[in-house]
Each structure stands twice: as structure tokens, then as C-alpha cells.
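Chemist: Take these sequences, add in the hints, and give me the full structure.
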Amino acid sequence: MEPNQLPDDAGHFDIFGGRYVPEALIAALDQLDREFATANADPDFWAELDGLRRNYSGRPTPLTEVPRFAEHCGGVRVLLKREDLNHTGSHKINNVLGQALLTRRMGKRRVIAETGAGQHGVATATAAALLGMECRVYMGKVDTDRQALNVARMQLLGAEVVAVESGSQTLKDAMNEAMRDWVASVDTTHYLIGTVAGPHPFPKIVREFQRVISTEIREQMADRYGRLPTAVAACVGGGSNALGTFADFIDTPEVGLFGFEAGGDGVETGRHAASIQGGSVGVLHGTRTYVLQNEDGQTRESHSISAGLDYPGVGPEHAWLAATGRAQYEAITDDEAMAALKLLCRTEGIMPAIESAHALAGAMTLGRRLAAEQPDADPTIVVCLSGRGDKDVDTANAYFGLTGRPDHYTGGVA
Amino acid sequence: MNPPSSASAITAAKSDGRAALVGYLPVGYPSVAGSLEALRTLCGADGETPGVDLVEIGLPYTDPVMDGPVIQRAGTRALDRGVRTRDVFAAVEAVRAAGRPAVVMTYWNLIEHYGVASFARDLANAGGSGLITPDLVPDDAQPWLSASEEHGLDRIFLVAPSSSEDRITMTAALTRGWLYATAVMGVTGTRSSSSAAAPELVARIRRLAPQTLIGVGLGVSNGDQAAEVATFADAVIVGSAFIATMLAAEDAGHPEDFTGLRSVLADLTQGVRRR
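Going down the list, the sequences are from chains A and B. Note that the numbering used here gives residue 61 to position 11 of the first sequence, counting from 1, and the numbers run on in steps of one. Note that the numbering used here gives residue 335 to position 154 of the second sequence, counting from 1, and the numbers run on in steps of one.
In case anyone wonders, no lab produced these hints; they're calculated from the structure. Check the hints yourself; a few may be wrong.
What the hints assert, rightly or not - A few chain B residues that face chain A, going by a derived Cβ cut-off under 10 Å, partial list only:
(1) V213
(2) Y242
(3) T243
(4) G249
(5) L291
(6) D320
Ideal Cβ positions, reconstructed from N, Cα and C, are used throughout, including at glycine.
Modeler: Structure (C-alpha cells):
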């Protein structure tokens, strides 16, 4: 089957995907699938979404060449797709605006969402405010503690934030709790999943709303350089910014697709969130994919300095792209990501989210490899800079041992 | 010899002129040994109550999306204390030894990881009657449909108030043994009031699939509710109400004290026997 026709009608990407959910949710998933199909064929739907993207979110986002950073990437050309410049600071808004419009079409007035670092929660709270919907965000207790600023942002936007104290109290448990809410509230509520995971049709719908990233990359490359990129690269947690970055290139085999997972302390240590590199095939949150699990199939806790990548599964289409070899996935450790974060700050004056820093670190080794393999091909890598780093300043300060105090004092009375 | 069908417990109760009582407890809570003792109590092995007619043995999972806080808490503690998938077979044997049919209820990843065919074989060998699959709908169940046929196991699928007529018909056709009707839109857990959705759902199933035995679960916690559900369902399913007594006993420092469990059990067994 041609990649563009995937998933099949039941949401399968070969052996991956599907719907492993309580029967109570099937009717809502069917409704969502139908509504998306209708909306997708409706020019008015896309015109409204396009208007919001341009005039509310700030699309198209720039494609920024970063020559000083590229010196550390084997000297290849490196371009950043600036999803960090979207309203709310990341690519998450692309999907949220689309699903919020679908919610309204379905006549539902309440949205719920799960969030890890808080980026998707903030984006969902934003769209709910914009469209006058009720919004509840589930967030692991561990994450509400370490991301208090984003909790406050969501509350300011009018959302209710629920700290989830079950299980490991992180993103996967927030997703469980959102699913439980949805089982009980499905008549009036849409579960606005933030990534390309979960039961069919979510992986497909979220990909289609994130596709705009690769569509713009392709146009911007053609306009400015008259060519395709050699490779596109993105970080992969659940994998929504990566699929958005890949989508329009999947059927273009001359463009390499590279996903960088969170390697935490290193895949060999077992303390990581690299489901493709260090996991095995299983079922989690309604879909068959690569999962971090123990010998019984119990989910193992993931570890990453990046809350947004700290998830023990991955979207089923990534599992398929990895299994078929169309895309390549590598793990980036916390240390490599933090070094890349600092490097981009110092060379280009751009502070990336720690999630996106994984893609930057990956581009550094990828660039050196491409420079060695294809020296005459003028290799060009487009890296999806999925989010901005403001939310990560506390984490970065702690990691780099910064105190937040001035370097010097002057002008005072001795 | 093939294990008994779990439906036989329901038809036996029916010929008694009443609905069957189905009790759920997780293996591994308060410990593996303690859970076997609790399961024997549930079967009425101590002679203090008639016990349940059929036992659902829960196999704890890290991400149980159909379970409310009570079952989650017991499951998390069981996992923390090291319960393994293979322990469920010992639990099945304990229930069989206490003279009741046993079905397992768990999430699909654990079965898939054990190996669908291996799990079916080992469950049948332990004397288990079948499997309830809260996150596996027939659409994605092909390996389980074949394995359950091969080993003569019941496959109990769920239907919900939101299920369409087509889905009820399809699910009832592929269910073997009986059908699990979720009484409310929601997860497991006790509820003080019963919902109108349950009798409506049961009436729809009876119209669409008249031969199907129907168990109703989610929210039943006492004899009065059980008696009410028994007026329209073939079996009444109770879980959280039992487990809540065990959590309370542990919190009071007596994890092996099943006095509370016996008392809820006595109320419920009387409930399904009211005329």
C-alpha cells in the first residue's frame, strides 16, 4: 500500500495502530472519523483553519538559516523551521486549532486534554478560550509540581487543571485519566489528544493538522533554494512535530527522514524515553506501537530531562516508518540535548525548547555524516524547532548550575 | 477435560429463578497469597455465605483506563508488591478448587505480551473458563477469536450505552459465554444511584440478540442495587465494593482481615436472591 493511503480504514499502519479502547469510546471515535472526513473535504473548514493559522497563530513560520550553528554540523547547510514562533510557543497549536474546530462542528462544548510539560495543555486552553469552550487539562502530579508556571498559564486562560496522582503521576497517567473522563463524558466532550498516538483516528487527524509544517518547508525550500532538503529532522516523543515535518516528504524517497528520541541517561542504562530504540512492540493508550515495557508487558517508566518527550510510547506511524526503514530514529542523551541547547543560544540567539534541542543535537551528527558521505551534494538539513525554551529556563539553570544571580555588581556603596 | 463455560453458572442461577452474582477481585492484592484467600472467601468457601456464582479475576496493569480509583489503587499496590502475569493461573486454580468457574479480566497488552495462544493454553490448563477484555473490541481481536476457539474459552466482550445497534449485533455474535453490559458511561467504581441507561441497554441487547446472556456491571455496590439489576439482567457484576473493604482493612492495619468483604458479600448474595 502506498504510504499516503495509510492508515487503512481501521487505523492500521500494517501491524501498528488500531483501536485498543473500551467499547464505550468506539461511537465517539467513529463520529470523529466521520466528522474529520467531512471537514477534510469541505473548503470552508480549511479556509477557516487557514485564517486562524495566518492571523491568530502567525503562520507561515519562518525557515531560518543558522550558519554559525551549522559550523558544528560538519559545515552542511542547516535551516530551522521555526515552530517556536507560533502563538503559545510551539507546534502544538497547529493540531489544537484544527481539533477545536472539529469539536465545534460536532456540537460539543467541552474539551479535555492531557499534557506533560504543559505545552499542549496551554495550547488547548488557548483554543478553548478562543472558541468559548469549557476546558479541563489532566497533568501528572509530578509535572504540575515541576511546571507550575504552565499550570498558572492554563488557569489564566480559564482552564481547569487536574493533577493526576495515580500511577507514575506523569504524562502517561494524565492520558489514562483523560481517557477515563472521556468514557464518562463522551456525549458532550471531545478528547483533544495532543500527539499522533492514541486510538484511530487520532494518529491520522493529528498528522493531517501538523502536515502544514512539511508543506511550508517544501514551499520555502523551493522558493528560496529551488531544491528539496537532503534531510528533515525532528524530535520524537509521541511524535507530532516529527510527523508534521515528515508528512509531505514520506513519498519523496530522496529526502531523508530522521527522528531523534529522548535517550535520557543513555539507552543502555534503561533510563530513557526512546521507545523505538529501546522498546518493543506492544499496546499502549489504544494503539499498537513500540512501548517501553517489562517482561510481562507492564509499562516501564520513561526518563528524560525533557518533560515533553518523557513518554513510554510513540505514534504508530513512527513505528511503521521505523519498521519499514523509511525513517531513521536515533536516541539523543540528556547531555547531548543540553549541549545543543546552549550551542544554539550562543551561536544564533535562539533559545530552543529542550525537546527541540534533541533534534538539534541529532542534526549535529547527521550533518557531519552527510558532509562525509555526500561532500559534493551541498547537503541541506531542515530541523524542526518545535518549541521555544522559555518554559525550560528553570531546568536549564539547574542543569548548568546557574543561580540566576548577576555576574557582577556595580555602582553600589561599598 | 474442558473447563466449564462461565455461562453455566449464569444458567444455573437462572434455573434457580434468580440472577447470578459475579464477583471481581484482583490477583496480587493484598499479596498473591492474600488474594487467593480473598478469592476463596468470595466463593463462599468459609461457609458463611453462599458466595458468588462466578469469579472474575483481575490481572493488574499499569495503565488501566477502564478502572476507577478503587481498583486502580489495589492494582498499583499489587504491582508494587511484584504480582506477575503467571500468578493469575494460581488464582484460577484456587477458584476452581473452591467450586466456582473463573474468568480473567485484564488489558490486552498483558495477553499479547504473554502470547495470545500461550495465554489461552495456560488459562485452559488451569481450569479457567475465559477472558473479559475491557480494551479489546472484536474489530481488533482476530488472534483472540482463533485462540479462544481452539481452547474452548469464553470471550466476553463489552457493550456500552453508546454502542450502535450494528455494534451490539456484531459484538453479541462474536461473544462466547455472555456479554458484559456496562451500566453507565464511565469507569469501574461504586455509585449511589443506578442509571436508567442499564435497563435500556439490556432491552436493546435482548431485542437485537435474544439468545445472549447479559451481565451488568459498573456501579453496583449493595444488595438493594443488586436486587434491582437482577430484575432485568442475567448476572450482576460487582468489584469495587469488595475491594474497597479490603483497602479499608489494610489501611486499618489488618490486610488479611476479610470481615468487611464477607459482610458486603452477604448483602449482595441476599440481594440477588430477593423475590
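Chemist: Now, for every hint given, state plainly whether the structure supports it.
Modeler: Evaluation of the provided hints:
Nearest Cβ of chain A to the Cβ of B:V213: about 14 Å, over the 10 Å cut. The hint is violated. The interface hint given for B:Y242 holds, since its Cβ lies 7 Å from the closest Cβ of chain A, which is under the 10 Å cut-off. This hint holds: B:T243 has a C-beta 4 Å from the nearest C-beta of chain A, less than the 10 Å allowed. A hinted interface residue such as B:G249 counts as satisfied when its beta carbon comes closer than 10 Å to some beta carbon of chain A; here the least separation is about 7 Å, so the hint holds.
Annotation: interface hint on B:L291 holds; nearest CB of chain A at approximately 5 Å, less than 10 Å. Interface restraint check: B:D320 against chain A, minimum CB-CB distance 6 Å, threshold 10 Å, status holds.
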